[in-house]
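Required output: the full structure, derived from the provided sequences and hints.
Here the protein sequences come in this chain order: P and U. For the first sequence, the working numbering assigns the number 1 to the initial residue and increments by one for each residue that follows. For the second sequence, the working numbering assigns the number 1001 to the initial residue and increments by one for each residue that follows.
Derived from the structure by calculation, the hints contain no laboratory data. One or more of the hints may lead you astray.
To be verified - Simulated pairs of lysine-lysine, DSS-like, Cα-Cα distance not exceeding 25 Å:
{"no.": "1", "chain 1": "P", "residue 1": "115", "chain 2": "P", "residue 2": "188"}
{"no.": "2", "chain 1": "P", "residue 1": "55", "chain 2": "P", "residue 2": "14"}
{"no.": "3", "chain 1": "P", "residue 1": "55", "chain 2": "U", "residue 2": "1161"}
{"no.": "4", "chain 1": "P", "residue 1": "117", "chain 2": "P", "residue 2": "188"}
{"no.": "5", "chain 1": "U", "residue 1": "1003", "chain 2": "U", "residue 2": "1253"}
{"no.": "6", "chain 1": "U", "residue 1": "1253", "chain 2": "P", "residue 2": "117"}
To be verified - Far from chain U, some chain P residues (derived; all Cβ distances over 10 Å):
{"no.": "7", "residue": "32"}
{"no.": "8", "residue": "111"}
{"no.": "9", "residue": "115"}
{"no.": "10", "residue": "171"}
{"no.": "11", "residue": "224"}
{"no.": "12", "residue": "240"}
{"no.": "13", "residue": "250"}
{"no.": "14", "residue": "256"}
{"no.": "15", "residue": "257"}
All residues carry an ideal CB built from backbone N, CA and C; glycine is no exception.
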Amino acid sequence: MNPADSPPPIVDLKDVVKRYGQGPAILDGINLQARRGDFISLIGPSGCGKSTLLKLISGLSPISGGAITVDGMQPIDAREEMFFVFQEPTLMPWLTVADNVEVPMRLRNRHVASKRKEIVRESLALVGLAERASYHPRQLSGGQKMRVSIARALSMSPHILLMDEPFGALDEMTRDHLNEELLAIRQKRAWTAFFVTHSVAEAVFLSNRIIVLSANPGRIHSEIRVNLAYPRTEETRLSPEYQRLVGEVSVLLRSVERLKTTAAHA
Amino acid sequence: MRKRLLSLLLPALSTAGLIALWYLGRILLGPDRLFLLPAPHEVAAALSAKGPALVAAARNTALGALLGFSLAVTVSSLLALFLSLSPRIRAGLYPLLMGLQMTPVVVLAPILILWAGPGLASVVIITFLICFFPMVVNTTQGLISTDANLVDFFRMCNADKRQEIFMLRVPAALPYFFTGLRIAATLAPIGAIVGEQTAGTSAGGQGGLGYLAVVYSSQFQMAAVFAVVIVSCLLGFVLAGGANWLSWLALHKWHESYHRADL
Chain P
1 MNPADSPPPI VDLKDVVKRY GQGPAILDGI NLQARRGDFI SLIGPSGCGK STLLKLISGL
61 SPISGGAITV DGMQPIDARE EMFFVFQEPT LMPWLTVADN VEVPMRLRNR HVASKRKEIV
121 RESLALVGLA ERASYHPRQL SGGQKMRVSI ARALSMSPHI LLMDEPFGAL DEMTRDHLNE
181 ELLAIRQKRA WTAFFVTHSV AEAVFLSNRI IVLSANPGRI HSEIRVNLAY PRTEETRLSP
241 EYQRLVGEVS VLLRSVERLK TTAAHA
Chain U
1001 MRKRLLSLLL PALSTAGLIA LWYLGRILLG PDRLFLLPAP HEVAAALSAK GPALVAAARN
1061 TALGALLGFS LAVTVSSLLA LFLSLSPRIR AGLYPLLMGL QMTPVVVLAP ILILWAGPGL
1121 ASVVIITFLI CFFPMVVNTT QGLISTDANL VDFFRMCNAD KRQEIFMLRV PAALPYFFTG
1181 LRIAATLAPI GAIVGEQTAG TSAGGQGGLG YLAVVYSSQF QMAAVFAVVI VSCLLGFVLA
1241 GGANWLSWLA LHKWHESYHR ADL
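Written out as structure tokens, the structure reads:
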């Protein structure tokens, strides 16, 4: 396809700079365009500003320079299009699972009550927690809480899903399982995803694009395309191409880590 | 079942031990100072003999305690909401609140007598002053301790300030609020009794337990004074129990503190 014919990017970052107060730049010269349907993983050493980048796209934190547009709008005006999944489940412990999922719809005044309940049921069914609707968060396991958090995001039918290491605190089995579920849901609801992670395997399994960031200040170091066909399943992890990509990204990440230590010693 | 039996048996044993010590104390005191420590059975007799007076006094004290306590809950909740709005408001008002807390309430009693007159109003104000501080400090702390991610989550949902306060900050502050409430509930009867002794009145049957303790001790009715102590203690249990019950009602379904068996 000719670049001139391609549709405009759904998320467009141009020369984005972020600093807190008069401090040094956390992120510097970030240029990144996401096409509709992209699953972009952000990976890099700690302190490289991966999570900050999500906060900028969501409009939760203002940029210090450059420009961000989301679907042609300022991030803060495009909140209806996006949803955020935090590192922790971020549920309200005093509400039941179903009420937790309903909160964003109530806050954004979406739908009548009966329609909301229906969407809650659908979203919980999508993450396999339909029977836990009347539970309180403390009665769920860590993985189940994260599923509720995802169901809550899905209930808003976002076009863009921003996920900040959502499975970081979970054991590897649960994480692999949730990765597969996430992709299965995405087959049904095509959103564009930004996914912050520390896990190379997770990044390769989920994304079609992996952005490797370097630290001090956070810059885009390189981008790797993952041309594994969707839907991806458990078998994908056994394929030679998957293994090769995991190796490639790991080597890249290690070289970026070394950059960081040399910079620190200099 | 065994656990429950044990939880009844242990306090019963320690109470029995205390009563035994009490009798032993009387033996050690010797005959000419025996009047200082009436025997448990004499106190029991006084409890029964002074029953109607004790019940009436307890009712008056409970009224003062409950009114002062309720006033403290109301005012502290509103003030905590206001204080939670900004660090500047807190910086401006906390020193004043601390100052109020540092002032011994008993010193204020003479002023209150002049302002409100001796009687229920003064007792209520003194109870209020004693209960108010732990409530406002705890509730404010709760209102400003909301999980930062949840606040971001509300902002992502385009929640307005009113929704953020009443759907997020207030429910998240409930465990702190009830901590303050439970402390205040144990202080309320103390406040009321101190209030009665410093700014109370006995006119028109308004005398409470504080008044009764002073009267009986001036008449050297030691067993009756001890009876007042026991009734005061029971009143404290009733109020603290009520606060614990309210806390349980509001929190037991979701809060960790009601579910950790190992704590």
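Against the structure, the hints:
1. P:115 x P:188: holds, 20 Å
2. P:55 x P:14: At roughly 16 Å apart (the allowed maximum being 25 Å), residue 14 of chain P and residue 55 of chain P satisfy the hint.
3. P:55 x U:1161: Between residue 55 of chain P and residue 1161 of chain U the Cα gap is close to 20 Å, so the pair holds against 25 Å.
4. P:117 x P:188: With Cα atoms ~20 Å apart, residue 117 of chain P and residue 188 of chain P stay inside 25 Å; holds.
5. U:1003 x U:1253: holds, 23 Å
6. U:1253 x P:117: Given pair residue 1253 of chain U, residue 117 of chain P holds - Cα atoms ~22 Å apart, limit 25 Å.
7. 32: holds, 21 Å
8. 111: holds, 14 Å
9. 115: holds, 17 Å
10. 171: holds, 22 Å
11. 224: holds, 29 Å
12. 240: holds, 40 Å
13. 250: holds, 30 Å
14. 256: holds, 27 Å
15. 257: With a cut-off of 10 Å, residue 257 of chain P remains clear of chain U, as the shortest Cβ separation is near 27 Å.
In this structure, every one of the numbered hints holds.
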